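Enquirer: Below, each chain spelled out in residue letters.
There are 2 protein chains.
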Amino acid sequence: MTTFGFTLHATDGAARSGAIATPRGTIRTPAFMPVGTAGTVKAMLPESVAATGADILLGNTYHLMLRPGAERVARLGGLHAFMHWNKPILTDSGGFQVMSLAGLRKMSEDGVAFRSHIDGSTHMLSPERSMEIQRLLGSDIVMCFDECPALPASEAEVARAMRLSMRWAERSKQAFGDRPGHALFGIMQGGVTRELREESADALTAIGFDGYAVGGLAVGEGQEAMFGVLDYATGFLPADRPRYLMGVGKPDDIVGAVARGIDMMDCVLPSRSGRTGQAFTRRGVVNIKNASHADDPRPLDEHCSCPACRNYSRAYLHHVFRAQEILSSMLLTWHNLHYFQELMAGMRAAIAEGRFAAWQAAFHAGRAEGDIEPL
Amino acid sequence: MTTFGFTLHATDGAARSGAIATPRGTIRTPAFMPVGTAGTVKAMLPESVAATGADILLGNTYHLMLRPGAERVARLGGLHAFMHWNKPILTDSGGFQVMSLAGLRKMSEDGVAFRSHIDGSTHMLSPERSMEIQRLLGSDIVMCFDECPALPASEAEVARAMRLSMRWAERSKQAFGDRPGHALFGIMQGGVTRELREESADALTAIGFDGYAVGGLAVGEGQEAMFGVLDYATGFLPADRPRYLMGVGKPDDIVGAVARGIDMMDCVLPSRSGRTGQAFTRRGVVNIKNASHADDPRPLDEHCSCPACRNYSRAYLHHVFRAQEILSSMLLTWHNLHYFQELMAGMRAAIAEGRFAAWQAAFHAGRAEGDIEPL
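In order, the protein sequence lines correspond to chains S and V.
Sequential numbering of the first sequence, starting at 1, is according to the UniProt record's numbering.
Sequential numbering of the second sequence, starting at 1, is according to the UniProt record's numbering.
No lab work stands behind these hints, which were simulated from the structure alone.
All figures in this text were calculated on a predicted structure; none of them were measured in a lab.
The beta-carbon is built from N, C-alpha and C at its ideal position, and this holds for glycine as well.
Do not rely on the hints blindly, as some may be mistaken.
As the list claims (entries may be wrong) - Estimated spans, in silico, between C-beta atoms of each pair: (1) S:G366 with V:S100: 46 to 54 Å; (2) S:A291 with V:R194: 33 to 41 Å; (3) V:H117 with S:A291: 43 to 51 Å; (4) S:G5 with V:A345: 45 to 53 Å; (5) V:D119 with S:T122: 25 to 33 Å; (6) V:A14 with S:A345: 37 to 45 Å.
Said to hold, decoys possible - Selected chain S positions facing chain V (in silico; Cβ < 10 Å): (7) L76; (8) F82; (9) T122; (10) M124; (11) S126; (12) L136; (13) R322.
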């Protein structure tokens with residue numbers, strides 16, 4: 001049986017390309033993980049998600065523990081069988097979602113007591129319970145339970161949350177135990193304060209994890225501040241372990257993060273935008289609901305090989321969006337996930353061939369060009 | 001180029017199996033036509049609709065003329081290219097939908113003036129305009145413009161509507177002209193009155209059409225009355241032309257109609273039910289939202305080869321329905337369309353082999369059995 005392992009294939013500046021081996025298959029890095037919140041990537045069959053080039057999905061502990069319930073998923077054979085996805089799955093710890101339930105939660109050193117947003121029932125999440133849920137789900141990459149404060153926050157508040165998260169990381173490691181073929185990732189906190197980030201990285205590496213996430217970013221600080229943190233923070237982490245930037249992001253966020261040494265990312269953006277009529281292309285964002293598309297026989301992106309671009313005109317995509325047809329969400333989500341995976345594939349190839357700077361320049365030039373002229 | 005033509009392969013009692021040849025492919029009969037109201041079979045990619053075994057789709061003139069507009073569809077290459085479906089398409093005449101716009105329409109000998117339910121704009125439908133729209137859409141099988149009264153209605157009202165429809169059928173034929181490879185179907189009216197049905201059939205056959213629809217049924221009269229009409233009405237129509245029962249129906253309606261000599265049907269039921277959590281199986285209807293499915297690891301139907309049955313448990317289908325995931329509509333619609341097409345394939349084979357009575361008995365026995373016992 002393959003054990004979990006990370007191999008670095010090439011570096012180009014701070015950017016890295018490599019592969020994470022797992023018993024369920026290889027994850028090519030830099031990797032973008034589509035989000036399957038409640039056991040489905042919205043509006044997509046899992047075989048279609050795989051067809052876009054995704055090697056791994058993210059599942060949400062918070063949503064799945066409430067509905068259908070982690071014990072139920074375990075009885076049904078685990079999340080992979082339940083949702084018909086046999087490649088790797090990373091699960092978050094539930095910490096991020098539960099913290100955002102302002103008014104419905106109560107924090108303590110032990111963990112977080114909270115009420116379900118679905119039915120008001122009471123639940124508890126702690127490092128131990130989060131590890132148990134992620135084990136019940138059958139997650140391949142398990143995340144430590146942490147507290148992620150929204151920014152802006154006072155430095156004292158950020159420091160308190162970070163130190164609590166480090167104690168919880170220790171407890172997470174203890175509770176996770178020894179599970180060959182499964183990985184546990186630590187999560188660095190510390191907001192936008194360099195000393196706190198370094199303290200957090202030191203605490204995590206002292207415990208020792210299979211991979212390290214940069215948490216507490218993309219929470220309101222803006223791209224410049226996020227890149228500012230990444231400029232130093234990835235360097236605090238061991239080079240021989242994957243580095244995961246949580247909840248990122250827009251295409252230019254992703255490219256900038258990869259340029260700063262990030263190996264993995266996840267975001268709901270491609271799927272959520274697909275449902276609201278926004279399509280990502282090499283030339284920026286297309287709002288398919290705009291009347292300018294109503295008579296346009298051209299595809300969204302003539303160079304894209306996804307089904308939405310291969311088989312349909314902008315006029316059709318505009319029509320099904322306006323008519324509120326489910327097919328609109330299906331096609332635009334597929335296109336966006338395809339675009340995000342092509343972005344990652346492009347970066348992996350460029351890094352491997354030592355031409356990442358030129359690739360980045362071309363990426364930004366394409367976006368600066370803007371969408372094709374209306375007919 | 002193949003011209004339009006109908007070949008009868010076998011009969012078994014009143015039931016018939018055969019094939020309709022068109023330049024866009026063969027339609028095996030008895031045929032069930034999924035409904036693609038606004039240029040999409042809701043929640044389905046067209047290649048998935050084809051994978052269920054559908055040889056032909058139905059498109060709605062009323063919906064398409066209002067949005068995106070027939071002239072626009074024509075500029076974009078016709079409905080087949082627009083919606084990425086290259087097999088045959090039958091379009092209705094718009095008559096049925098426009099008649100149901102009570103308060104928003106005004107009838108005359110010429111046609112129907114009405115207001116759009118989408119934006120209130122004013123439009124006109126007449127035999128001539130309906131033929132023009134169906135030509136602009138590129139329909140393979142065009143339906144005459146008719147008036148279909150809801151039942152119950154007085155015999156006088158039914159007779160008046162039928163005779164108007166026959167005058168409109170004459171005008172439809174005139175306006176349709178000579179279009180090799182395209183077919184025009186007449187629509188019999190006359191409610192549940194035998195003499196009116198016969199008068200209508202005589203009027204239509206005197207004009208001469210490529211096929212004949214039985215209209216004005218499945219509009220509130222109930223299954224017994226509908227079968228009562230079909231018992232004699234199909235016999236009024238030429239045996240060498242396809243017979244189409246419009247807007248039907250539930251599986252047992254379909255089986256009963258085929259037993260009475262019907263060759264084609266259409267209905268929104270499989271797709272609409274899919275979106276509301278109802279699944280059709282050999283053992284009747286399954287309401288996937290019922291709590292009894294929450295822990296059930298078994299497929300909807302162990303003998304079904306659709307993706308919903310092959311890859312997912314009832315527990316998963318229950319979960320995604322409860323979580324209001326788009327995937328629920330996608331999977332259950334697929335299953336239902338697959339079930340309806342398997343039903344047709346089963347009848348075609350049974351008729352061809354002269355065992356339709358036994359097939360019907362097995363069909364009803366399966367449904368009488370009811371769903372599998374909860375665990």
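Enquirer: Tell me, in ascending order, the numbers of any earlier hints that this structure violates.
Expert: 2, 3, 5, 6, 9, 10, 11, 12
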